[in-house]
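Listed in order, the protein sequences are those of chains A and B. Count along the first sequence from 1, then add 14; that gives the number in our numbering. Count along the second sequence from 1, then add 729; that gives the number in our numbering.
This list has only true hints and no planted wrong ones.
The calculated DSSO-like cross-link candidates involving lysine-lysine, where the alpha carbons are at most 27 Å apart (straight line), are:
| # | chain 1 | residue 1 | chain 2 | residue 2 |
| --- | --- | --- | --- | --- |
| 1 | B | 937 | B | 858 |
| 2 | B | 744 | A | 460 |
| 3 | B | 927 | B | 937 |
| 4 | B | 858 | A | 557 |
| 5 | B | 744 | A | 375 |
| 6 | B | 858 | B | 927 |
These aren't lab readings, by the way, just hints derived from the structure by calculation.
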Amino acid sequence: MATEDRTIDGFGQVSRTVGTVFRYLLLAATLIGIVALVILLLFVANDAIQPLTADPGWHLTFFATLVVPTLAVGGYLASRNQSAAAVGVGTIGLAVVTTMFAGGLSLIFVDIVDSITWAAAVLTLAVPTAAVVAIARVSNRSPLELLAVAVILYYVSLFGVPGPLRSVVGTGQLLPGVGSVVASIPVLPVDWMLLFATFTLPVAVVVRYYARQLVDDRTATAIVAVGLVAVAIAATAAPTAGITPVPATVLASVVLLPTMTYVTTTALSRPHDRVGLALPGAVFGGSLLGAVAVRTLGYAGPQAWVDWQFLTSAHSRNAIDAGLYPAIGGSILLMLTVAVLSFPLGVGAAIYLEEYAPDNKLTRLIDVNISNLAGVPSVVYGLLGLGVFVRYFGQPSGTVLVGGATLALLILPIVIISSREAIRSVPNELRQASYGMGATRWQTVKNVILPRSFSGVLTGTILALGRAIGETAPLIMIGAPDVLFSLPADLSSKVSAMPLQVFAWSSLYATPEFYQRAVPAGVVVLVSVLLSMNSVAIVLRNKFE
Amino acid sequence: MGTDDISAELTRNTKNAPPELLTRVFFFICAALSVVTTASIVVLLVSEAAKFFSVTAPLVGFAGETVSMVDFLTGTTWQVGSGEYGVLALVSATILITVGAGVISIPLGVATAIYLSEYASTRARSILKPALEVLAGIPTVVYGFFALIYITPAIQTLLPDTGTFNLAAASTVVGIMIIPMVASISEDAMSAVPDELKQAGYGMGATKFDVSTGIVVPAALSGIFSSFILALSRAIGETMAVTVAAGSQANFLPPWDPTSYLEGALPMTAAMIQLLLSDITGGGLAYRSLFAIGLTLFVLTLTMNIISDVITQRYREEY
Chain A
15 MATEDRTIDG
25 FGQVSRTVGT
35 VFRYLLLAAT
45 LIGIVALVIL
55 LLFVANDAIQ
65 PLTADPGWHL
75 TFFATLVVPT
85 LAVGGYLASR
95 NQSAAAVGVG
105 TIGLAVVTTM
115 FAGGLSLIFV
125 DIVDSITWAA
135 AVLTLAVPTA
145 AVVAIARVSN
155 RSPLELLAVA
165 VILYYVSLFG
175 VPGPLRSVVG
185 TGQLLPGVGS
195 VVASIPVLPV
205 DWMLLFATFT
215 LPVAVVVRYY
225 ARQLVDDRTA
235 TAIVAVGLVA
245 VAIAATAAPT
255 AGITPVPATV
265 LASVVLLPTM
275 TYVTTTALSR
285 PHDRVGLALP
295 GAVFGGSLLG
305 AVAVRTLGYA
315 GPQAWVDWQF
325 LTSAHSRNAI
335 DAGLYPAIGG
345 SILLMLTVAV
355 LSFPLGVGAA
365 IYLEEYAPDN
375 KLTRLIDVNI
385 SNLAGVPSVV
395 YGLLGLGVFV
405 RYFGQPSGTV
415 LVGGATLALL
425 ILPIVIISSR
435 EAIRSVPNEL
445 RQASYGMGAT
455 RWQTVKNVIL
465 PRSFSGVLTG
475 TILALGRAIG
485 ETAPLIMIGA
495 PDVLFSLPAD
505 LSSKVSAMPL
515 QVFAWSSLYA
525 TPEFYQRAVP
535 AGVVVLVSVL
545 LSMNSVAIVL
555 RNKFE
Chain B
730 MGTDDISAEL
740 TRNTKNAPPE
750 LLTRVFFFIC
760 AALSVVTTAS
770 IVVLLVSEAA
780 KFFSVTAPLV
790 GFAGETVSMV
800 DFLTGTTWQV
810 GSGEYGVLAL
820 VSATILITVG
830 AGVISIPLGV
840 ATAIYLSEYA
850 STRARSILKP
860 ALEVLAGIPT
870 VVYGFFALIY
880 ITPAIQTLLP
890 DTGTFNLAAA
900 STVVGIMIIP
910 MVASISEDAM
920 SAVPDELKQA
930 GYGMGATKFD
940 VSTGIVVPAA
950 LSGIFSSFIL
960 ALSRAIGETM
970 AVTVAAGSQA
980 NFLPPWDPTS
990 YLEGALPMTA
1000 AMIQLLLSDI
1010 TGGGLAYRSL
1020 FAIGLTLFVL
1030 TLTMNIISDV
1040 ITQRYREEY
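With the rest of the complex left out, here is chain A (with noise of 0.2 Å):
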């Protein structure tokens, strides 16, 4: 008996004590760096937007009109139709992300491409696009015969007969490529018209593709149209609110369009989650009606340091007045290049590593070689730029072109990696049901692959890009100028950046002045932006998954 109790003793007693406590500093120790990061963006913001210096009546007036109704809605879809609550989310984020990127294009079509180059431009690339798919549906040609009357068509169109040829032809010019006859029609239509032409019927198209998934394609016309009408309409009512016909045609393009077909397609297609639109109705009907409510009582918002002023005007040595406008417009400019380099040449070296590559020495040093250019410091990437690009190549030091290609090495792997997940994640099965089919191996990736992969390959890029619009170690490198008073006009001139414009304030304009003002108002502009990007990423991968 007693040896029993002995060996019963202390056996089989856990200790709940330690484990509680193990699990809760493990869950402090999680939440610390999130924690951190929040209050140093709390102080930021507060810094920039300076909350406290608003009337009490105009807090009071928001409070009651925005924050009581979008907490009372919202608390209740919480609670009784999550998806429903989902949906308004959905909506508020849609429109809000748009905005920015809105805000974007207009800064584009405004101040550094004119709508009679964009319609040329797009006109040039569309009508030898339209021609050869004709072709190539309505007779079967080898794709040789395709190529060449495609290279053909595009010549024709870029240059006209025979463009640079001239010389070895030895005629005059005579048949204008497809830009300069846009540019020499002598009574142009009026400049957004051309944009609605060439920019909002692309939109429109994408819209209805995408809205076709959720309603049927009489319906899915319909909501296109009547969105088509309201752009339109926008486009000619916005000068008696003052503002230009361009922007407002780019911003109802971007904005309206997707977000009234997202609404109503919803709608129709979820009867149960209509509730949800309630969500934005409190959200964007609370702030307009405290807008006016604050404007008729008078009271002061908040002196926030973040204004239209500070987003649309340039550099100053007087912080009070300085502005990131061509910083923006550079990083707007710096993305797109990194776009248009990264994104096909990174998904290009996915699908030739997931679905070509032999298994060999080269595949393997191919393999391990992106692996560590992942790790590579941006800064060496920067004299890479300044070694080679500027030094080598002899273009001119800190350039929009030697800027992209630089950030587009850097993030190169980082695209070649996620790319190579999302490839990999696609089953198999797929793949030998194509070349079962009797599928070549570019038709299964072009039909099978990339598209099952996409959305994937999508949340890699915009991460990646991300990564890119922060970087400001290689632009310094590469010689962009700390200062630039105007936006780049073309690819060959300078660049500026928004980190590298908010470094130049935090250290070499380093007075408390700028300190107070700029450089938090800098930040968080640049932060909003990359959460955002963040957010659509992280949206499109759950959607996805």
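Keeping the supplied structure of chain A fixed, place chain B upon it in accordance with the hints.
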């Protein structure tokens, strides 16, 4: 169409048909571009750095101003103005920041990984993982600004001797920045531990605490170590946060002395940015010193990446 035509149409070898060939070649070029990138980095760094050292300059046929390699590697004074290029002044600052960042990120990162892989519910994971990604997604220049404006004053209220530019604030933000890297690679290693091992532990009557610390962590140790090395190599290459927050005065600080953290110094990456901003004349000694530091940095980070690869390959527990 005769039967021969049909069978020719159906059975033709498409492997080298134009679209197949073109796309295959294009994809191969894309993949091979990464090798070209590495090769040009190596060639560029080595050829420019060779012109910097007096030992190697004659080998590449360069007859300009040079610096002795011994002085470069053992000197503790970095004064570009007076021609003193002692890289140890920069390396000491880099080491201090890397160690400081490691002290913050390694315990927090591993704890995060254990929590995410063993304790967190699916819902908690779906919130925490994107939040951690955001930590890594904030631009590093923003982190530098945070360190300078908010963290340094906080440190100064505790320790009034702290300089405006100091390594403590810089290592804190670099540490926060690399937590996600430690956490995600360690978590991958932990979730690769087979469920049988854990179930066997529970079957023996072990608690979740015992299983986490006694089974999961030891089994995933090689992955955890490789995450440390990768994260530290990231900390070494980190540029903008340290440029903004660590200071601009090169200054040899003993890495074994904790009070060094209260002073400012110039890490390698920040020295490169400073050289670039100080209007160096193209092709001069200062310009070439940029590539000498770049080569040091590249060799250091590459070695660490390779070590991490070897650890995961060789010491991985096979199940």
